[in-house]
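*Asks:* One letter stands for each residue in the lines below.
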Amino acid sequence: MTADPDALLSALRAIAIRVEAARRLSPTAGTAILRSIVDATVLLFDAEAASIALHDAATDRLVFTVAAGDQGQGVVGLSIGPAEGVAGYVFSSGQPLALADVADDARFERTTAEQTGYVPRTLVAVPLIDDEGVLGVLEVLDKRGDGSFDLRDIELASAFARQAAVAIRSSRLERDTATLLATALTSLSAGSDDGGTAESNTGAAGGSDVESVVAAAVANLDGDEAEPLWALADQVARIRAVDPAQLDLVRELLAVLVGRAERGHAGRSRLR
Amino acid sequence: MSSVLPAWSEPFAEDRRAALARQMPFADIDRGWAFGDGSGAGVVVAVVDSGIEGGHPAVGGMLRQSVRVELDGDDARIVPDEPIDAVGHGTACAGIVHGLAPAATLLSVRVLGADNRGKGLAFAAGLDWAVGQGASVINLSLSSRSESMYGTLHDLADRAYFANALLVCAANNVAVASYPSLFSSVVSVAAHDVRDPEAWFYNPRPPVEFGAYGLDVDVAWKDGGRIVATGNSFAAPHIAGLAARIRSAHPAVSPFEVKTILAATASSTS
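Protein chains in written order, with my numbering: chain R, 5 to 276; chain S, 32 to 301.
Heads up, some of the hints might be wrong.
Claimed, not checked - Derived contacts from chain R toward chain S, CB cut-off under 8 Å, selection only:
{"hint": "1", "residue": "Asp43"}
{"hint": "2", "residue": "Leu47"}
{"hint": "3", "residue": "Ala87"}
{"hint": "4", "residue": "Tyr93"}
{"hint": "5", "residue": "Gln99"}
{"hint": "6", "residue": "Ala102"}
{"hint": "7", "residue": "Leu103"}
{"hint": "8", "residue": "Ala104"}
{"hint": "9", "residue": "Asp105"}
{"hint": "10", "residue": "Ser152"}
{"hint": "11", "residue": "Phe153"}
{"hint": "12", "residue": "Asp154"}
{"hint": "13", "residue": "Leu155"}
To be verified - Label pairs and their calculated CB-CB ranges:
{"hint": "14", "chain 1": "R", "residue 1": "Ala61", "chain 2": "S", "residue 2": "Ser285", "range": "47 to 53 Å"}
{"hint": "15", "chain 1": "R", "residue 1": "Asp43", "chain 2": "S", "residue 2": "Arg108", "range": "43 to 49 Å"}
{"hint": "16", "chain 1": "R", "residue 1": "Arg173", "chain 2": "S", "residue 2": "Pro235", "range": "32 to 38 Å"}
{"hint": "17", "chain 1": "S", "residue 1": "Phe232", "chain 2": "R", "residue 2": "Arg173", "range": "31 to 37 Å"}
{"hint": "18", "chain 1": "S", "residue 1": "Val110", "chain 2": "R", "residue 2": "Ser83", "range": "37 to 43 Å"}
{"hint": "19", "chain 1": "R", "residue 1": "Gly78", "chain 2": "S", "residue 2": "Asn195", "range": "46 to 52 Å"}
{"hint": "20", "chain 1": "S", "residue 1": "Arg108", "chain 2": "R", "residue 2": "Glu136", "range": "24 to 30 Å"}
{"hint": "21", "chain 1": "S", "residue 1": "Glu229", "chain 2": "R", "residue 2": "Asp135", "range": "36 to 42 Å"}
{"hint": "22", "chain 1": "R", "residue 1": "Glu136", "chain 2": "S", "residue 2": "Gly73", "range": "53 to 59 Å"}
{"hint": "23", "chain 1": "R", "residue 1": "Arg148", "chain 2": "S", "residue 2": "Gly104", "range": "27 to 33 Å"}
{"hint": "24", "chain 1": "R", "residue 1": "Arg173", "chain 2": "S", "residue 2": "Ala50", "range": "50 to 56 Å"}
{"hint": "25", "chain 1": "S", "residue 1": "Val110", "chain 2": "R", "residue 2": "Arg39", "range": "38 to 44 Å"}
{"hint": "26", "chain 1": "R", "residue 1": "Ala163", "chain 2": "S", "residue 2": "Asp224", "range": "17 to 23 Å"}
{"hint": "27", "chain 1": "S", "residue 1": "Pro282", "chain 2": "R", "residue 2": "Arg148", "range": "28 to 34 Å"}
Claimed, not checked - Now the stretches of chain S that chain R is said to cover, found in silico as 3 or more residues with beta-carbon under 8 Å:
{"hint": "28", "region": "240-254"}
{"hint": "29", "region": "261-268"}
Don't read these hints as lab results, they were simulated from the structure. The structure displayed is predicted, hence computed values, not measured ones. In this text, a Cβ means the ideal position worked out from N, Cα and C, and glycines have one as well.
Extracted from the complex, chain S is given alone in its bound form (with noise of 0.2 Å):
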């Protein structure tokens, strides 16, 4: 029977249905299924930011491997790379990550380029770097807001999550159309002034369906400091590191799947 069907059918013929079956009953999904233990162990998250020092007590030793992304033209190359942070910035992310999944491996990877177009490229080859890496969360608090880059993260978001690479973005604090952070196949981040790690909301109208910890943050920052910080930047890492937990505990999930998990264990707004 499945032999008539296309091949994007395949999945639901009759005799491969069976492998369609839920794995969890939803209405009884509750944080302590969706965490399992809440350490994160075995999953990879990769930070794709300005960096992640290595040896910033909130890492705490889980930083697996650091590449940046180099520039050539039209050509894009990963290069390993020192583990630091230039900024301090991707080493926040870091450090909000390890604290809510602290078995949890992370990758580095640097992609801060000049332009638009640079970073674009520079995106493209991170992403495919982190998801061939093992990434199965991978955090981007940037964006870009070139048109001419559309088609380009549009096509990176669903390689990702053909690859089963979760993509949880910050959503632009400004309110115009950034990429990738309002395509559907990504978890999209925006910042709530609930000063609760734990705390999240879901949006049930998108693009920006959740909503995170970013206000006055006490975050990791460059050269084993810490500052406070506020943004949708500082929201998106709460957001992979409960993904972590998620993933961590329900290893066969699938990104859209972590994403309902997410929704559904959301926090109430009563």
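Here chain R stands alone, though its shape is the one from the complex (with noise of 0.2 Å):
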């Protein structure tokens, strides 16, 4: 690849500035989406309570992230273990299941309940399921009115729920890509540092080694060969569930590039 400088140097720019605007977003677009999800389960199933728990892989707990209603917001934040109670035993076993008559039986789910402080009638539960697992559990508390859930409502939470899983796993994409992209920068930085900081490093590296980041970050990554740097403009463009101490690394990161991509482009006239 044969980079013009200035189309090299621009592009640095342009995704310098992208993440810097990525940051001030909304931190976790995943979230904004789950909880679109759940406040739309709410309102098809005209429900008290609707939410979403994730399973947290590093604490191996169940993690209610969103959740929509007048009775739902209590349960935001509660953490159970991954095999506890309804929502554990949806995750666990990977079977949906509705409930009812819940509230007649005091002994249900006494401890989730006293958290929340709303204990349900009627329930269901089903998992976040796509082509690699579950990731975790849709929940559906007291439909209005005195029906019970159903088995089409089953079906109809579980399509709610396949929506959630591809949005999660498709925000977990986004965060590896920002990941790759902070190893690769992190590796171009300890490689050519001698000894100072980042920001203070004044050495001799130049181009060539923007380009060999380039093309480390991209490697994995589809899109137009021809164009690897807006491939991973773009990439860095999605990143929004990335989190904000990593997404400082990666704007830090990219600051010292474009400053050595200029003291390289001061030096030579091309790349390479």
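Both chains are given apart, each in its own frame, so use the hints to dock them into the complex.
*Replies:* Right under this line is the structure:
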């Protein structure tokens, strides 16, 4: 690849600007999609509440991430064991189920109910499933009116859960892309670092480093091979689910890269 | 003559063929014949689930043993477990089986694991153990979506079949591939909405061949309670209970023959 250094520079600047812009956007676009899914679920079922719990592999807990409905908010932030209670059962068995007359039995999920301040009368819980496994659980509580959830409701809730699973997997892909980028930039920084911090590094690293890091970063990404930089830029622009600390790191490293590329550009007419 | 045939063909050799004689006239099968006294006596039914509450009235004191699967890396060990159920789901399944086959003995295998991989390993160990304990009907109201577990679970389903254990599996309500419920050697069950525990249907178009009661079922739940539940999870144990009746009345029948008898005696659709 023979890159026009001016184009490379402007692309890197664009990346830095877009990452900064992404940082200022909602930090968790994935969560926003999940929230819209539980909102729609509540509306469609005319339910008191709906919530999504996601499995956190690091802690091996199911964490209630979003909720909708007047009675739903108390559950957000609550975490339970992966095989605990109805949500845990559905997560670990992969089997959807609906329950009724729940409130008649005071023993039902007492702990969870106490923590959320709301004991449902009826509920349906379905797994968030995609091709790779179960990611979490969607729960819908209390259809208004006197009906309990039937087989059709399970099917319908499962369709919403499928949507949520796709959204989650997609946001995890974005996060993985961000991690890949950060790793590539970190290794570049460490590889040519002469002992100072990244910001103070004034070594002679030039545009070829930029090229190699771009090549590394886009190696596993889909995109037009003739325009790897733009593929990278597009990937970076999609970073919204990445955590703020990591985003800061990426931004910082990109700033260093831009600085180096500028120096390299000043020293050489072509990058290679 | 049999000596020149490959091992798998030996049962069909002329001097062995007498052992293949059918034991029943299929055209005359009805539920009275199929179920005998309907008690399930002498049959061991394993419930691979969240545990069984041994003291729950719904299981009538028929829980003989409880174990759980402990995972240590790639090793899965069977360890004794208290007769408890943290969720209520396994007790619900056991109660349904007991309701249909009150003299059948129950085994509880608690396998709920954190991830799909662990679940597959736990399945494997739990099923092996249940088969080794002489369970001839095994209720699995669980499934795995993980493609990586396909081979392991397929091997397990085969092993159970060859060991004369009938796997009764809840189909996933979601229209995705899930295992082992979609394997041909198992009895795959989905729910119908006829509120009758003794109503079941045979579907000649696999993979889900049977439909059983699974809508608003009054089931046992944890701490001696009861709850109204809906899902394929609750349909499968109905077929497991009926299979226990058949295996009690006809101890010599094999898993595929149980399936055939269930098909032959299924409810009329007219």
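*Asks:* Hint numbers the structure violates, sorted upward?
*Replies:* Those not satisfied are hints 1, 2, 14, 18, 22, 23, 27.
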